[in-house]
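Protein chains in written order, with the numbering used here: chain V, 59 to 331; chain X, 743 to 1164; chain S, 2 to 344.
Just so you know, these hints were derived from the structure itself, not from any lab. Glycine included, each C-beta is placed from N, C-alpha and C at the ideal position. Please note that a few of the clues may not be correct.
Just a few of them, taken from the derived set where beta-carbon distance is under 10 Å, the chain X residues facing chain V [unchecked claim]: (1) Asp807; (2) Ile809; (3) Gly1012; (4) Tyr1115.
The lines below spell out each chain.
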Amino acid sequence: MSNYMRAGVFYGLFVLLAGGVMLQNEATAEEGKSDAAPAQDKAGAASVECYESIKDSTNLTKVENANPKFGYPNVKCSPTTGAVLWYGDPYTDTVPMGEMPKFGDETDGDFAQAVIRSRTKHFKTTMQCSGCHPGTAQAAAPPNEPRQLQMHQDIISDASKLQHGRGAIWCLDCHNAANRDTLVDRRKNEVSFDESYKLCGSCHGDTYSKWRIGLHGKRTGEWKVGGKKRWWTCTECHNPHTIQEHRFNPVKPEPPPALPRGMSSSETSSKHE
Amino acid sequence: MTMKQQIASASQKPIAFARDFFSYAIKGGNLYYGWLLFLSFFVIAGLFTTYVQMTTGLIVTGATDQITWELFISNFIFTAHIAAAAVLVVIPAYIYKRKDMKELAVLGEIIALTFVIIGLNFIFYHMGRIDRAWHAIPGLGIFNFPSSMLTYDIIVLNTYLAINLVAVSYLLYMRYLGQPMNTKFYTPLIYVAVAWGPLIHIVTAFILSSNAAIYSWKTAVLPFAFLSMAGASGSSLVILMFLLIRKFSKLQIADSVIDFFSQVIVWSLGLIILVFISEFFTELYSGTHHAASLEFMIDGHHGLDAYVPWFKMTMTLIVLPFILLLNTTIRKSYNSLLPVICSVVFLTILIEKPAVLVFPAFSPTPLGEYAVYHPTLIEICNVLFIWAVGFIMLTLLTKGAIGVLTGEVRDSKTVEAGGGAK
Amino acid sequence: MSEDKREMVDEQDDGQVKESRRDFLKKMGVAAAATAAAPAATAKAVSIAEALQGHFELMSDEQKQKAIARLEERYSEQFSKQTTVANTPAPDGVLFGYALNISKCIGCRRCVEACVRENNQSRDPAIQWIRVLRMEKGNVTFDAKDLNAGKPSSSSLGDHGIQSGGHAGKPVGISGYTDHYYEPEQVPEDNAFYFPVQCQQCEKPACVKACPVRATYRDPNGIVVIDYNWCIGCRMCQLACPYWARRFNWGEPVLPSEEMNPKTHYLGNRPRPRGVMEKCTFCLQRVRDGRYPACVEACPVGARKFGNLLDPESEVRKVLATKQVFRFKEEFNTDPKFFYYMD
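Just chain V, with the same shape it has in the complex:
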């Protein structure tokens, strides 16, 4: 019987080794994959700038340990795209929404606890528009014709071909010529940069109504009707200067899911002829 046992041990060892080699291969393959992947949210990294909807426009600073009870940051950002993915504090960097007009019909939303992210707050800490545009020179500058701008090409590459309103409007239909730190609606009422919806709503009444009742646009915070919500304003999702090209600014997508084990990308990505 001892011969048999010896053979059994030999055979067993062979299988152990074979299985081991296979596992080893799998492990190294996995390692290669994970090395290529960028590091996840780095804990303790000094100050990370992330963006919400529009890159370089709706930026937000990540604050570590914003919620000390759970050791949360205020937001978590994508290591690959820099986009804000997750809110530890949905009201981070917000202020109460200003007075909203009452229409007295079914389009009256519940704004009692509404908050928004203030744009003007950030204008004050950086550079105000009125620093360069005091609002005097342009006050009487006919004709009201679109022209190439010498600056702000990052916002609008060719102001004579404004991608909004199909040629019917130009810069000063929305930007207040008298006070560049504000906007104006169609009736030339001054509108704060924080309240873009009042300006946008003066033309896009239908969308504005839907936004007021929560049908259009984005809200974060509490799901309850009447709960504390952050209302995302029009310009936080749409770029009014390029809206004719695309409804939303194109963004880099987050990485694709892992393929099923054993499958290669060439096998799954075959297109329909």
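Starting from the known structure of chain V, arrange chains X and S on it as the hints suggest.
Just chains X and S now, kept in the frame of chain V:
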């Protein structure tokens, strides 16, 4: 006699029976030991790979969220084939009162018993949390009856296991003692077992066809396909076993018995072909989304065609044996072609389970993904482990049973006293 | 995640160097001697009391508290940070519903990533509860010269007869090709639209029906939840689901401490053990506290709406009342509470 002595004397006989039974079962020639040794190689390797799976998880298998059933559960379906088909040995003996098979019925029950145990092992290897198996025990855990199809399977498999365990040990023990059986107890048990065999398989088919999202299983022909495959693969195993038994033991098995089973194979293969034709026609003529898995097997999907050769091979090896076995001369070639064909049928239906029934059914997934299953070495070793343990069990039980049936294993006192030792 | 980082995380666990799964596999690969190595990668051993605990819904309040205390202790130790496992009850008079605007979705997958960060999914192997499908927009591939192609023509098998279509063998227009693994530079792409799929929280869930031990069940708010300590890992629910919404922990889940969300709920995002099923719970730990699910908050285009289906003023009800709404795979008759709509 005191209570203790009573218990001691009452347990004396069964212990002696077990001792005599197994000491006979482990005796054999070089070929016999070679066979057991061959199987034990897989047991040794499987012990290690089992340890790896139990400590690392099912990630060591090829299963993914796309193809969530692995080789284990595919093999389980096959074991259910054989376990169900085992009643084909019992039915002629007890329902049709065939004299040539009366003695052999217990071998059928041993096959059923063994394959239910192998099947249960496969289910355990399939489970993510074996440590929580008690959650599914009625009374102890929660039993989602009658909603969950799996609870029916738990009931029918364990009942079938119990019936066969009792029937086999009772019959062999009575033969060992040389006492007549209590037919009032034994006959109803056998009739229940006969009904229960197909039942376990119908339930297994229902487990598959209860999944509305997997189109190629959601078909009413599935129980028919399973039962006809059971008839073919189970009878093949029975023929192979009986041919070996009559070659290597003193147990007499008439040609008429073998002929009966080769006829069953022909009928079953014919039924399988009909079931496949019905299924293929229904799916392919209208060519709806329900046919996607089948088209994937037949044609592949944009170059992903790993299942195509398996499909073609399986279909060929179901049709070819059918045609061959229509020939009486081939059916009677007990020592040449018949065992080869039986082996082919057995292996084809075994391979059909993962390669045609289970894995391709998961493509496309409910969200339209196509994927191919990649079995791992550890998974294969574990499958071989379970099979090896099962075949060792089958071998020992069959060998011991032959000893009892031929009278080589019997109670010595019974022989001397010519009756019970009361 | 890099290898050194993993090691760093592992060393944090009470100063004891623990083995990651990968290290473990490596050792296994070297020799059979590794059979002596510790089996579980990062997981702390489960106490006997936890292993023997019953179904969560059937526990007494005292038993629930004990079970939660056990988990909090185990997780806090394992992830080296204070972890809470809540048992916030389901709010009264609420049926949660979800609506997704497929004409808005830009396919950026932020919902997928937000979900992973909120719900403590395993990072390796990576588990994601939301799958975004990229669908090609329609385009006609039919050629004018093929217009007469459908006329009766004979072949070796005989006459094909009169066909009503122009081109029976070739699809006209798009045939619904979907891509799960799209990776363009920028989204949205001009020739595509996107269709995110996650658990549809069916009112007649096929998965709940299939579970042999009732480990998955519908909660009073209509969310289908899983008791991760009761699941036996049989995966019948995964087969039953027509939405491919369920994910299985094939291996020991790897969740780095610094990425772990310590605010958890027993039925929601608490870290899962190996060998159990998991899926979207509408962020049960958040919505029972009144907050929007993480995917709603992450969506940069406001395509995701969530609320109480019993409140006519809620956003979802307003979507149902005013938009063209459909449910995915209605033919399965599972009555999802997840609605897709278009502008």
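Results of checking the hints against the structure:
| no. | hint | verdict |
| --- | --- | --- |
| 1 | Asp807 | 7 Å, holds |
| 2 | Ile809 | 7 Å, holds |
| 3 | Gly1012 | 37 Å, violated |
| 4 | Tyr1115 | 8 Å, holds |
Violated hint for the displayed structure: number 3, the only one.
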